[in-house]
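*Asks:* Fit chain B to the known structure of chain A by using the hints.
Protein sequences, first through last, are from chains A and B. Going by my numbering, the letters in the first sequence line up with residues 1 to 380, in that order. Going by my numbering, the letters in the second sequence line up with residues 1001 to 1263, in that order.
Rather than coming from a laboratory, the hints here were simulated on the basis of the structure. Cβ atoms here follow ideal geometry from the backbone N, Cα and C, with glycine treated the same way. The reader is advised that the hints may include incorrect statements.
Here are the computed lysine-lysine pairs in the BS3-like style, where the Cα-Cα straight-line distance is at most 25 Å [said to hold, decoys possible]:
#: 1; chain 1: B; residue 1: Lys1137; chain 2: B; residue 2: Lys1037
#: 2; chain 1: A; residue 1: Lys272; chain 2: B; residue 2: Lys1081
#: 3; chain 1: B; residue 1: Lys1137; chain 2: A; residue 2: Lys272
Pair by pair, the computed Cβ-Cβ distance ranges are [claimed, not checked]:
#: 4; chain 1: B; residue 1: Gly1112; chain 2: A; residue 2: Ala265; range: 26 to 36 Å
#: 5; chain 1: A; residue 1: Ala361; chain 2: B; residue 2: Gln1090; range: 29 to 39 Å
#: 6; chain 1: A; residue 1: Arg125; chain 2: B; residue 2: Glu1233; range: 51 to 61 Å
#: 7; chain 1: B; residue 1: Ile1225; chain 2: A; residue 2: Ala203; range: 43 to 53 Å
#: 8; chain 1: B; residue 1: Ile1238; chain 2: A; residue 2: Ser207; range: 53 to 63 Å
#: 9; chain 1: A; residue 1: Trp282; chain 2: B; residue 2: Ile1225; range: 34 to 44 Å
#: 10; chain 1: B; residue 1: Asp1123; chain 2: A; residue 2: Ala266; range: 25 to 35 Å
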Amino acid sequence: MRRLTSLQTFLVLITGLQFFTFYPLLATPYLSGPRWGAFLMLPLIIYCLAFSLRRKRKKPIPALEWAALAYLIAFVPITLSSLNGFGSEAPPTNYWTTVIACIATAWLLNELLSSSNYRNAWVARLAFYAAPLIFGLSVLYLWEVLTRGLHIPFVLLPPPSMIWTRLIHSLPTLWADFQQTFLKAVITGYALGCGLGFLVAIAIDRSPFLQKGLLPLGNFVSALPVIGVAPIMVMWFGFDWQSKVAVVVIMTFFPMLVNTVSGLAATSSMEKDLMRTYAATWFQTLVKLRLPAAWPFIFNALKINSTLALIGAIVAEFFGTPIVGMGFRISTEVGRMNVDMVWAEIAVAAVAGSAFYGIVALIERAVTFWHPSVRNARTV
Amino acid sequence: MTITPASVVSARDLGLTFETNDGPVNALTGVNLDVNKGDFVSFIGPSGCGKTTFLRVIADLEKPTSGAITVNGTTPEDARKNRSYGYVFQAAALYPWRTIEKNIALPLEIMGYSAADQKARIDRTLDLVNLTGFGKKFPWQLSGGMQQRASIARALAFDADLLLMDEPFGALDEIVRDHLNEQLLKLWDRTNKTICFVTHSIPEAVYLSTKIVVMSPRPGRVTDIIESTLPKERPLDIRESPEFLEIASRVREGLRAGHSYDE
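So that you can see chain A by itself, here it is in the shape it has in the complex (with noise of 0.2 Å):
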């Protein structure tokens, strides 16, 4: 076991003792405090910053985790439930001071968790997914405390909660426009795109005259920005989901297309040349060795496309669309000020398309199990 040195042991003593005696003083709204209350948190401050950005680094000791988790337990919730009380008033220093050693804290504990080595694994895996969620969840305290705190706009930035609020009474809505344009739109011209990228990849690779002709217009088609053709597909087919399949369909098509051509290029000679020493057939060849060999690339490309899909998808709306759908709800939404139901949507884009370029990456470590990129990741 690591033992504290006596500076670690006394500050951590000195945060433990701040938070007993002066709970009362900094408790809501923050207001009934002395004034000198703004300097409280100064030590606390000092120490993070330095602890953090100091350029040995010692071993961190584990009690220095907890108490730092117990100094957030206990004045994050202080801090939120204490922004209710300021009405239309500016909250005092005292307040500030506090916030900026919740974000002190938050990060001086990210610090010690990504930086300790765990003997038990059960443990190290919960630090490896905590560090980032303490994280994102820092992002949004500050989000959530800057937004209602410094009286920003509504209409600029709405607070987190309010979001929230919006996501969790407009289900219903949400989960109609998550159909139209994720399951209908989405899906369909992603597995359409993708699926006709593949196809024509491996056409060109069987036609010296693709190979010529089509790839340079491919690449050439590639660079443009396609969604300037989404007006057209609405006019040519129609303005239901239909249409945004053909957008995400063309957004798809041609990463997928340059990437599997250059992934069936990837074998070496001497691999190919062993397929020709069993006199191998085309065909043969193609399933056994430069299909396996080519499926890194392609799953850059469904990754890549997985995101594009999505964008495609929503911005394809703006320009004609029935009554519901991602981004017809953004564009209409904004319009009427109804600013929380925008980010709501963006929020639901956001997850949703996270978990699908999630699973495409899941899958791909499994099929591409024996890349160098993914063995390393392993052993690592």
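*Replies:* Okay, now just chain B, sitting in the frame of chain A:
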């Protein structure tokens, strides 16, 4: 121009010229050679002497530009299509997404062997190269020497009578190489195959071969063909015997005569 039908490989006045951007390069000129059934033939020479090119011509991976060559009495192309040889490359060239077992099964799958037959052949060849128990491993989990042994097993799996080996042990260290040379001789003895073996090591060539083909560069040609007088039974310490050293010095002379030692 006569071609002996009894020989496994028979080359008459064979030439190959590569057209490059810097003009034509004579990789092979006037090669006359017969490899008989059961021979262990080594091709030795400095880089650029065409030894690998000659092996690739036998395998129909390159087309000769002049002269004639037969493999198993047919053209190299027909021989390749009849799957009459196994080829071992400089690197193991195992596919990393297949286990060792599956890598050995690769030619068997392509040639349409039944599942039961595949299983029997995998077990037998793994045993031949002393890799029993490693079938479920992936290539990147094995050492370089084991990978090369697995690639030999793969070339043996479909029972071609001719084995073409292109510096298969070139990238391995001396100790592993000695070990594999010894195993290769045993394997050759057990399977009675014809082996064409490209190397740039004189001791390796002398230790393994019944016939040593000395080649030299610019243009690539055969300068000497030495029939080995060593017995078929060869322990590793035969390399200290006067007979061995005499053959080795003859090889070295052959290389010198072909200006292989010139700067």
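*Asks:* Hint by hint, note whether the structure agrees.
*Replies:* Evaluation of the provided hints:
1. This hinted pair does not check out: Lys1137/B and Lys1037/B have alpha carbons roughly 35 Å apart, beyond 25 Å.
2. Of the supplied pair hints, the one linking Lys272/A and Lys1081/B holds, its CA atoms being roughly 15 Å apart against a limit of 25 Å.
3. Annotation: proposed proximity of Lys1137/B to Lys272/A holds, straight-line Cα distance about 23 Å (limit 25 Å).
4. Between Gly1112/B and Ala265/A the beta carbon distance is about 28 Å. The supplied range of 26 to 36 Å therefore holds.
5. A hinted range of 29 to 39 Å holds for the C-beta pair Ala361/A and Gln1090/B, which are about 36 Å apart.
6. Taking the beta carbon of each, Arg125/A and Glu1233/B are about 59 Å apart, inside 51 to 61 Å as hinted.
7. In this structure the supplied range 43 to 53 Å holds for Ile1225/B paired with Ala203/A, their Cβ-Cβ distance being about 50 Å.
8. Restraint check, Ile1238/B to Ser207/A: a C-beta distance of roughly 57 Å satisfies the suggested window 53 to 63 Å.
9. With their beta carbons about 39 Å apart, Trp282/A and Ile1225/B fall inside the hinted range of 34 to 44 Å.
10. Roughly 33 Å separates the CB atoms of Asp1123/B and Ala266/A, a value that falls within the hinted 25 to 35 Å.
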